[in-house]
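K.L.:
Position chain S against the provided structure of chain H, taking the given hints into account.
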Amino acid sequence: MSLDTVAAAIANPDLKQPYAELGLKPDEYASIKEILGRRPTSSELAMYSVMWSEHCSYKSSKVHLKQFGEKAVKTDALLVGIGENAGVVDVGQGYAVTFKIESHNHPSFIEPYQGAATGVGGIVRDILTMGARPIAVMDPLRFGPADAADTRRVLPGIIAGVGGYGNCLGLPNIGGEVVFDETYLGNPLVNALCVGVMKHSDIKLAKAAGAGNLVVLYGAKTGGDGIGGVSVLASETFESKGPAKRPAVQVGDPFVEKVLIECSLEIFAEDLVVGIQDLGGAGLSCATSELASGGSGGMKVQLDKVPLRDPSLSPEEILMSESQERMCAIVEPSKIERFLEICKKWDVTSTVIGEVTDGSHLEITFNGELIVDVPPRTVAHDGPVYNRPLAKPDYVDEVAKDVINPPLPTNAAEIKEAILKVAATPNLADKSWVTDQYDRYVQGNTIQSQPDDSGMVRIDEITHLGVAIATDANANWSYLNPYEGAKLALAEAARNIATAGAKPLAVTNCLNFGSPEDPGVMWQFAETVRGLADGCLEMGLPVTGGNVSFYNQTGSVAILPTPVIGVLGVIEDVRARTPMSFTDAGLELYLLGATDENLSGSEWAYLHGMRGGIAPTADLQCEMRLIDLLLTANKESLFAAAHDLSQGGLAISLIEMVLRHNIGASVSLENVGISLLSETPGRVIVAVEPTKVSAFQNLARVKSIPLQNLGTTGGDALVINDATISLTELRTAHTETFKKLFG
Amino acid sequence: MKIGVVTFPGTLDDRDAARAVRAAGGEAIELWHDDAELKGVDAVILPGGFSYGDYLRCGAISRFSPVMEPLIAAAQGGMPLLGICNGFQVLAEAHLIPGALTRNQHLHFLCTDQTIRIENTETAWTNSFRENQEIVIPLKNGEGSYQCDDETLKMLEGEGRIIARYVGENPNGSRNLIAGITNERGNIVGLMPHPEHAINPLTGPSADGLGFFTSVLKTLVAGGAK
Numbered sequence: 013m014s015l016d017t018v019a020a021a022i023a024n025p026d027l028k029q030p031y032a033e034l035g036l037k038p039d040e041y042a043s044i045k046e047i048l049g050r051r052p053t054s055s056e057l058a059m060y061s062v063m064w065s066e067h068c069s070y071k072s073s074k075v076h077l078k079q080f081g082e083k084a085v086k087t088d089a090l091l092v093g094i095g096e097n098a099g100v101v102d103v104g105q106g107y108a109v110t111f112k113i114e115s116h117n118h119p120s121f122i123e124p125y126q127g128a129a130t131g132v133g134g135i136v137r138d139i140l141t142m143g144a145r146p147i148a149v150m151d152p153l154r155f156g157p158a159d160a161a162d163t164r165r166v167l168p169g170i171i172a173g174v175g176g177y178g179n180c181l182g183l184p185n186i187g188g189e190v191v192f193d194e195t196y197l198g199n200p201l202v203n204a205l206c207v208g209v210m211k212h213s214d215i216k217l218a219k220a221a222g223a224g225n226l227v228v229l230y231g232a233k234t235g236g237d238g239i240g241g242v243s244v245l246a247s248e249t250f251e252s253k254g255p256a257k258r259p260a261v262q263v264g265d266p267f268v269e270k271v272l273i274e275c276s277l278e279i280f281a282e283d284l285v286v287g288i289q290d291l292g293g294a295g296l297s298c299a300t301s302e303l304a305s306g307g308s309g310g311m312k313v314q315l316d317k318v319p320l321r322d323p324s325l326s327p328e329e330i331l332m333s334e335s336q337e338r339m340c341a342i343v344e345p346s347k348i349e350r351f352l353e354i355c356k357k358w359d360v361t362s363t364v365i366g367e368v369t370d371g372s373h374l375e376i377t378f379n380g381e382l383i384v385d386v387p388p389r390t391v392a393h394d395g396p397v398y399n400r401p402l403a404k405p406d407y408v409d410e411v412a413k414d415v416i417n418p419p420l421p422t423n424a425a426e427i428k429e430a431i432l433k434v435a436a437t438p439n440l441a442d443k444s445w446v447t448d449q450y451d452r453y454v455q456g457n458t459i460q461s462q463p464d465d466s467g468m469v470r471i472d473e474i475t476h477l478g479v480a481i482a483t484d485a486n487a488n489w490s491y492l493n494p495y496e497g498a499k500l501a502l503a504e505a506a507r508n509i510a511t512a513g514a515k516p517l518a519v520t521n522c523l524n525f526g527s528p529e530d531p532g533v534m535w536q537f538a539e540t541v542r543g544l545a546d547g548c549l550e551m552g553l554p555v556t557g558g559n560v561s562f563y564n565q566t567g568s569v570a571i572l573p574t575p576v577i578g579v580l581g582v583i584e585d586v587r588a589r590t591p592m593s594f595t596d597a598g599l600e601l602y603l604l605g606a607t608d609e610n611l612s613g614s615e616w617a618y619l620h621g622m623r624g625g626i627a628p629t630a631d632l633q634c635e636m637r638l639i640d641l642l643l644t645a646n647k648e649s650l651f652a653a654a655h656d657l658s659q660g661g662l663a664i665s666l667i668e669m670v671l672r673h674n675i676g677a678s679v680s681l682e683n684v685g686i687s688l689l690s691e692t693p694g695r696v697i698v699a700v701e702p703t704k705v706s707a708f709q710n711l712a713r714v715k716s717i718p719l720q721n722l723g724t725t726g727g728d729a730l731v732i733n734d735a736t737i738s739l740t741e742l743r744t745a746h747t748e749t750f751k752k753l754f755g
Numbered sequence: 595m596k597i598g599v600v601t602f603p604g605t606l607d608d609r610d611a612a613r614a615v616r617a618a619g620g621e622a623i624e625l626w627h628d629d630a631e632l633k634g635v636d637a638v639i640l641p642g643g644f645s646y647g648d649y650l651r652c653g654a655i656s657r658f659s660p661v662m663e664p665l666i667a668a669a670q671g672g673m674p675l676l677g678i679c680n681g682f683q684v685l686a687e688a689h690l691i692p693g694a695l696t697r698n699q700h701l702h703f704l705c706t707d708q709t710i711r712i713e714n715t716e717t718a719w720t721n722s723f724r725e726n727q728e729i730v731i732p733l734k735n736g737e738g739s740y741q742c743d744d745e746t747l748k749m750l751e752g753e754g755r756i757i758a759r760y761v762g763e764n765p766n767g768s769r770n771l772i773a774g775i776t777n778e779r780g781n782i783v784g785l786m787p788h789p790e791h792a793i794n795p796l797t798g799p800s801a802d803g804l805g806f807f808t809s810v811l812k813t814l815v816a817g818g819a820k
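These protein sequence lines are chains H and S, in that order.
Every position in the first sequence, counted from 1, becomes a number in this note's numbering once 12 is added.
Every position in the second sequence, counted from 1, becomes a number in this note's numbering once 594 is added.
The set of hints was computed from the structure by calculation and includes no laboratory data.
There's no promise every hint is true.
To be verified - The calculated lysine-lysine pairs, modelled on DSS-like cross-linking and capped at a C-alpha distance of 30 Å, are: (1) H:K357 - S:K633; (2) S:K596 - H:K356; (3) H:K404 - H:K78; (4) H:K78 - H:K37; (5) H:K356 - S:K812; (6) S:K596 - H:K357.
Just chain S, same shape as in the assembly:
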């Protein structure tokens, strides 16, 4: 199974995401922001970093990169798409998922081993987890506070689209402790913490993050997102 990993100028965690894909048993394919083609991949990851230096707003410029056009179309057609951290911000800017990521409430960049609870195990990226499984993966960002209006929040809660929540103290001021959400169809997931940095206890706090990558492979073997 081929999983594309997009590199924008300023992307940082692309090699980490590719490593995680390989560790889960997939084939990682490099996608370049300036090429409007997906090279026949079965799913795509938008990795973390500071694409375009976070100029204007995080993800606001990347969202207009040539690669985004075929990607948005494919994702709307059901292709699994995961946005991690800066990738989550790109997804929000591209309106593939609702809401926005704003400056952490305490105004500092925060890098910490974060416990999150997986609350929806039916998406393309979370089906390897047990419901309400608590996992520890790195959280590292300056603008990770998830915000949306009350109506959207009600909808997300009501439809079970909050896929992961922070456990314990709110690390950044996100509404309802939201760490990750999905679209209606469950193929697109935006996630603030970094599962690609938790694929081996040698280099991360745990191997808990691997589940996101094995999930998508499982999804693809089963014939794609529902």
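With the rest of the complex left out, here is chain H:
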């Protein structure tokens, strides 16, 4: 096929172009023609199609997401805000931390191992691109029913992919989630979080400034994998029939990425780049147009210089390829020699493919012929914006009428049965089968990882400064009330880092939803964003960035609205953290926070086939007082242990605490069923030495947090009223589930 040049586009204006196959709508195609004043060349069409995809352009979500900026709190802690590859937060002592979550849901369904692996690879490059050394990853995952055949297909592959890639990069995996629900069958969610650390002065941005500066592509060679990944895969609903989409999934090589990380950090340390961008979704189309937009707009690229794995690739394919482990840097001519030298040391292929100009267009040539001539902002930032129709779905008011009254345990036998059931149900069972496939020790700075409430890493070995991160979502509550659900997930994530004594600083998110073309889904999304923005404003936490994943639905069935919220916090001395469980007998156990009788959205209700009801209302003022209490108690060393209550309520929190160090507990509870199984938000269980009880009680009074004495630690059983469950029996129930399901 002959090359479709700009000249050819002018000469042959009426050529029929396959815009619909590339995922563009007729009006989108028309506006490309209007921008350019002619039809696009096939290469330009390729670029617009990937960059204007839902995944890259946020065209359905933009009008809602701007609330994160409008409602943002004024804070000096945010060094780089939304819009760059990842937000950057000041954590003190001259350190800056960057963190972000991304989804890789659709590729992981098609090809579990590679989909999950490249999800980790992509988010790690985003963090690296900011100038930071990646220091840890986390993976919130969601699957169909644990015993479904397709879950047995995707889960082992996804876990192995997350582990295979992250382990090989030398990044400790410090937490995440594994949740099962039938709506994720056919739509597994693979969200990947990475956190990185740097000094303030090392922050890098995606901008191509300075005419004459060179555009350098370095890392892996470009191949034919992942072509159209963002437009064909991530921006469409799966149908049961249809062509195989496997070629749209990228294939990763973590070894190349590991070398790329070390090479890049050495380049950054010598201050050799003006701007930098990784190649992820939309590949070179994204990197060149975003870098050029970040500068004055002018850039010339010779596409035939791009090193290829497959020499038969067409220019359109080169522009759309999502081959992994590639970076694009803007380098001053005086520094290029040293830049290439460092690449050579690490055996990293690096090629000058173009230069920054003082013009305003991105011009791409192929063998000397002009094939792209566009204002880069129109590709990268001025994509279509949709204010899609939204309507509260009928189910919301319907299910609100449901009476949620699952049978509750009352006598000893029933209590024991309920505890063993909670311990063993897949959503609450021990996740070691998963997390033992991840390296949690590499880099030697991991302070906390699964099953702790949050992941925690030390960032300075001398001062013991550290950061903690937790990710949470409660899709059951979001289903009942997406506005409250988002706030509740935010509160839970913040609480999860505060239990250890880390102060919440900033928020990231990964918003997983069904099709935005369904007004009901769009309503869920809009309510979620509104709730999260309001919640962040009330709690004084800035949103530093995030990711939206739409089209998580098969046919007309959408996933539960699943906003995964990540909160990052700082702890001045990791040695003084409050652990999640106790190592001594004879401690007093207290419950902080009030418990109510609403079981809507609880795991216990779900276990009894009840998914309706009314979600709790988030009381963020109370949550903030509770966080204050936890931080003060940590400073004053009042707690021997503190553990959050969430899905599974007091029951699972007690189970996790007694099993952690194999020290039992005896508690006595009134209204025992509700006490154990209610999931009322804003609660924490703490273990206190008897001598510190009165100081603790005073603190709780000052912060107006209700307290309830539960009992004491010790023994080799969990004793609840007159029910005794030996730790051995409890451990078997808790740890056998995953082994039995997945081998």
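P.N.:
Frame of chain H, contents of chain S only:
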């Protein structure tokens, strides 16, 4: 005392190994795979990771790195050399110790706090331990199953060259629960679990791993391996 830590492309635990050396009181020296020099170090550690992406076989390419030539010569001359995890695999590929490390029997990567028993306390890297001392250090690998022929196994058992064994359930299918072995002279040790991740209970399951690093310093102060 200067302890070299080699970095191959894809090495991951080099900084951890250097930290462990410093924690034990030694000086850690970075060695680069592509430089055929040992910078005057007194002992060397080949740390864990996925050198060369484990392409071909784990350790099979690293074994031909320029740094290996002077290193193999020095180790054959008695210099203490410890290979941890991927480093153990490199030692096996370089035939400095017998046997091979193969895929874990259960086919998963496994990261766990592993109890091991130190059965030979006379090597350059284990002399700080008590005989049959049980310690807990992280085990994390995908290809940690130690295999060798019957004759070699008999020899290793007979000569007391199995320096550490897994306690409890076999975590990866290693023959005779082998976690680590030594050469005839006792200066070269290959170890599958990671002592460098257990130098402080803050960041690891224990501080038990420190003993490997204090051992080599003791050896060097006493004038080298026997």
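K.L.:
The structure should be examined with respect to each hint, and the outcome stated for every one.
P.N.:
Structure-based check of all given hints:
For the hint pairing H:K357 with S:K633, the CA-to-CA distance comes to about 19 Å; that is within 30 Å, so the pair holds. Using a Cα cut-off of 30 Å, the hinted pair S:K596 and H:K356 holds, with the two alpha carbons roughly 29 Å apart. Restraint check: the Cα-Cα separation between H:K404 and H:K78 comes to about 21 Å, which is no more than 30 Å; the hinted pair holds. For the hint linking H:K78 to H:K37, the alpha-carbon distance of about 24 Å falls within 30 Å, and the restraint holds.
The suggested pairing of H:K356 with S:K812 is violated, with an alpha-carbon distance near 40 Å, which exceeds 30 Å. This hinted pair checks out: S:K596 and H:K357 have alpha carbons roughly 25 Å apart, not beyond 30 Å.
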